[in-house]
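Student: As a plain string of letters, each chain reads:
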Amino acid sequence: MRCYGFTVAGIAIGVAGLTALGGMSERIVRFIEGGDRFVLGQISVAGRGLGMGAGFTAGGLLPASAIRSIAEVPGVAGVQPQVMLPLNPTTSQFMTLTQELVLGLDLSVPTPNRHYPALPVRAGRFLNVDDRRVAVVGAAFASSRGVDVGARLTLEGEAYEIVGVLERTLTAPDRFVIVPIADARAQWVAKDPMLRTLLASGAAAMRADDLNTGAAVGWRAGEDPDAVARRIAERVPRVNVQIPSELSRQLRASTVFFSALLTGIAALGLVIGGLSVANTIAAAVFERLRDFGVKRALGATDAQLGREVLTESLAVTLSGGIGGIVTAIVLGGAIDTWVSRGQQLFLFSARLVAGALIFAGLLGAVAALYATLRVVRLSPAEAIRRGA
Amino acid sequence: MLRARGLVKTYRAPAGPRIRVLDGVDVDVRRGDLVVIAGASGSGKSTLLNVLGLLEDTDAGEVWFDGERVSALGRSARSRARGRFVGFVFQSFLLLPSLTALDNVVLAARYVDRGGADPRRRALGLLEELGVVERREHYPPQLSGGEQQRVAFCRAVLNDPPLLLADEPTGNLDDANARVIVGALRRRAAGGGAVVVVTHRPEAFAPATASFRIENGRLEGHILKEVAP
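These protein sequences, in sequence, are chains P and E. Letter 186 of the first sequence, counting from 1, is numbered 186 in our numbering, and no numbers are missing. Take any residue in the second sequence, count from 1 to its spot, add 388: that is its number in our numbering.
Honestly, the hints are just simulated from the structure, not real lab data. Every residue gets a Cβ at the ideal spot worked out from N, C-alpha and C, and that includes glycine. Be a bit skeptical, because a hint or two may be false.
[Unchecked claim] A few chain P residues facing chain E, derived, Cβ under 8 Å:
hint, residue
1, Asn-240
2, Asp-291
3, Ala-297
4, Gly-306
[To be verified] Label-pair distances were calculated between CB atoms; the ranges are:
hint, chain 1, residue 1, chain 2, residue 2, range
5, P, Thr-311, E, Asn-560, 29 to 35 Å
6, E, Leu-461, P, Ile-272, 42 to 48 Å
7, P, Leu-373, E, Gly-513, 55 to 61 Å
8, E, Pro-595, P, Thr-311, 56 to 62 Å
9, E, Asp-562, P, Phe-6, 33 to 39 Å
[Unchecked claim] Non-contacting residues of chain P with respect to chain E, defined by C-beta distances greater than 12 Å in every case (computed):
hint, residue
10, Met-24
11, Arg-30
12, Ser-65
13, Arg-68
14, Leu-198
15, Ala-208
16, Gly-264
17, Glu-382
Can you make the complete structure from the sequences, with help from the hints?
Tutor: And the structure:
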């Protein structure tokens, strides 16, 4: 392996590029898949009209009477009132995919989302039904602000104690601040002067439990969630009901740009990494044309030479592949740590690492085989002459 | 040991007609022979050696090793025959730069199932015999031309092939090193091997069993001088 340093380095660069681009692509895929999984796990309902709400519950006010009506619709298993607000209304709306949200949950009702019945907690605990002025924060939120369990957070002038940090989900909850619904309602009133004016005027007869931006609705086992959603829309007036499959389609349509981007990134990664690996291996074989001529002069058969070249190529490709993957992971980790302030830009999943190694190995083998077939077609004398 | 009949080899010229480098050459070499083939540069003597050693195809003609018509064999069978019957010494040594002197010699055993003593031990014995055993762990660029040619000679004879083909083996050497290589080739023939040398300095190999001059694609004059080995 004495003379293979540059070949291994060349392959490592190609595989590092392939893995890094793949890591970014995986990250986007996981984000979209996570969002899709969430919306398909529940029926999201909001009040009709425009309002303060954000995220899945964007829309008008959803009063307690509407929530009771939803609960009576056949096929509905549970309704959890929610308040979802932008953490910072001046900037949050611009980047919906990386929005930081305050999510208020009514913990007296079990979370009806079939795919996320409980959000996984990395440190501390989740909220309890009697909690006030406490928060559970997403992993990216905690990381970007350097906070952990026990730290204090000020929301609309009120101090909150962080009692838990969620596991990294690589999708929306990573940027959530989850609080008891009563606290979220108080924040809503504090954030929205129009709502304050309305409440103060007494023009609308509202109680605290009428202040909901939406609700997560579960369905009974065996029910078709789309059918239950349509039933809610038919039977409960003045609500916006998201049909799970339509919402999933909309989510995918809204991320079509990112899907195209990641397809482009993946294709680019495959082309760049593939060309780099194939070119490096083929060049390494052709560079040693004279050596192969000498070996054939010494009696090496086509099969012996083929085996030798293939074994060497695989060893070189896998060494370069592992080097490239390690380089990509180290660089990706450094970029995530120093540049992105808590956001994770790269995801080096097991399938990506295995795929990059297999891809590099296969391409290296094919390139080596092609080059070997070209080499053995030459007479030994010709190979020696051309390689001189 | 080696018999060739009617060897014809032509090359495509960049312009004009094909060049006929070998034009019906016949060669016979017996065990114990030291045959010298001389000729001007470009006369086709290296081509003749390549054809005799199956390193290059001919347009016509046949080659036999020990009565076996090897020129009719397929590519891999020719490689096996080459490994079994022939050792090569090249003017430019052709050692693999990534291998040590010792590994270059041992490389010859990788492709030929000869059995017998351990190839490394045999290689060390040969390097000792040629006076380069101290340089066994050095890589070719770290060796002088004379040392490289001695290592190349060891590689050529490691499998004890019955036929040794040497293409200008002293062409890049000073007189002292040339004498070492000539002596080694002569001992090889004296030991019962068949040795064919192409050179433009035939006098360096005198006395030889037979000396030929290649001209116009033919071995002109055939045996110019015959001396008992």
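Student: Look at each hint and say if it fits the structure.
Tutor: Hint by hint, here is what the structure shows:
| no. | hint | verdict |
| --- | --- | --- |
| 1 | Asn-240 | violated (72 Å) |
| 2 | Asp-291 | holds (5 Å) |
| 3 | Ala-297 | holds (5 Å) |
| 4 | Gly-306 | violated (10 Å) |
| 5 | P:Thr-311 x E:Asn-560: 29 to 35 Å | holds (34 Å) |
| 6 | E:Leu-461 x P:Ile-272: 42 to 48 Å | holds (45 Å) |
| 7 | P:Leu-373 x E:Gly-513: 55 to 61 Å | violated (38 Å) |
| 8 | E:Pro-595 x P:Thr-311: 56 to 62 Å | violated (48 Å) |
| 9 | E:Asp-562 x P:Phe-6: 33 to 39 Å | holds (35 Å) |
| 10 | Met-24 | holds (38 Å) |
| 11 | Arg-30 | holds (44 Å) |
| 12 | Ser-65 | holds (83 Å) |
| 13 | Arg-68 | holds (81 Å) |
| 14 | Leu-198 | holds (83 Å) |
| 15 | Ala-208 | holds (80 Å) |
| 16 | Gly-264 | holds (41 Å) |
| 17 | Glu-382 | violated (7 Å) |
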